[in-house]
Amino acid sequence: MPRRNPSNNASPLVEHRAAFKVNLPCPTDFAACVARYTAFGLDEANRLDSASALLFVRVIDDARYLVRVSASGSPEAPAARVKVLGTAPPSRPVLRRLRAEVLWRLGAGFDLPRFYRAAARDAHLAPLLKMFRGYRPPLTVDPFESLVTSITAQQINLAFAFTTRSRLVRAYGPAIRTPEGERFHAFPRPEDLAGVRETSLRKMQFSGVKTRAILGLAREARRGSVPFEAFGGWDDARVHECLTAQYGIGRWTVDWFLSRSLGRTDAWPAGDLAVRKAVSWFYFDRKDQSEETVRAFGERFGAHRNLASHYLLAGWTREKRASRPRKS
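Plus 11 on top of the position in the sequence shown (first one is 1) and you've got the working numbering.
Derived from the structure by calculation, the hints contain no laboratory data.
Computed from a prediction, not measured in an experiment: that's the story for all the values here.
Any given hint could be a false lead.
To be verified - Below, a list of computed lysine-lysine pairs in the BS3-like style, where the Cα atoms sit at most 30 Å apart: (1) 141 / 32; (2) 288 / 331; (3) 331 / 298; (4) 32 / 94; (5) 331 / 141; (6) 288 / 141; (7) 288 / 298; (8) 298 / 141.
Use the sequences and the hints to build the structure in full.
Laid out in structure tokens, this is it:
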């Protein structure tokens, strides 16, 4: 069995509670935003309960907080209801931080109305705007989590990636225990993984390349050579140069990092097979196109490439499922 990090020991959840409301931009389809977390199995660090509320753990100033985010409001005035349980009283700065994180996680920064106006002239995107109205691609708050998530998904079935990643979270993610005895885990931090042996991850069925990439990134981040906090102010080329210098990180991983962690509106993950399939499906009579062709094609979407890629992916996924022959 993998040797566990001491920080993984579950802290008991004492009666420190808070609740607040977060107003969301219109339109926002909360269920569509959080559906990604169960698309291919259990995401141990981002769990949905039976009411489709999102639950995650955050570690802030050595305290651990279990955050539950559920839909509230109305279609005309969407909102989220946030409940916080912690090992310490959540201070006002902590609650402000969690409020900002909830908005980020739900893609509130995306200007959907502007995208809808621009994409309404596109014969293939226009129907998807109606079909998936209010869908905001969820963004990852923690850059390390975003990168490790992409590393675990490189060149394998996504269901298996979810499985192995959840093993990693359960083994090394800081945990919290509710009064009812249920355990929840935060995604492991660089310091949680930096001292882990390669054999431990190999036992979780990570490949040798992914094991070295995950642990190498954790160690470099702990040493400060990967300045996550600075990435928001860097241009794409500088982020790309820094990250591709790390073992096991290539253009595909950086493209998704720009899209799903930094939330760059013009990010265009053209190297992703599903994105290429979606573009080929809608714009090239379902004939597969090369990465170079798809990357150049993305220019037509201008500053809305990020949203365009997610809406095309959603549409392609639905079309693909609908075209499958039904079992008798």
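Now the hints, each set against the structure:
1. 141 / 32: Given pair residue 141, residue 32 holds - Cα atoms ~27 Å apart, limit 30 Å.
2. 288 / 331: 10 Å, holds
3. 331 / 298: The given pair, whose Cα atoms are some 14 Å apart, holds under the 30 Å limit.
4. 32 / 94: 9 Å, holds
5. 331 / 141: 18 Å, holds
6. 288 / 141: 21 Å, holds
7. 288 / 298: 8 Å, holds
8. 298 / 141: 25 Å, holds
Hint violations for this structure: none, all hints satisfied.
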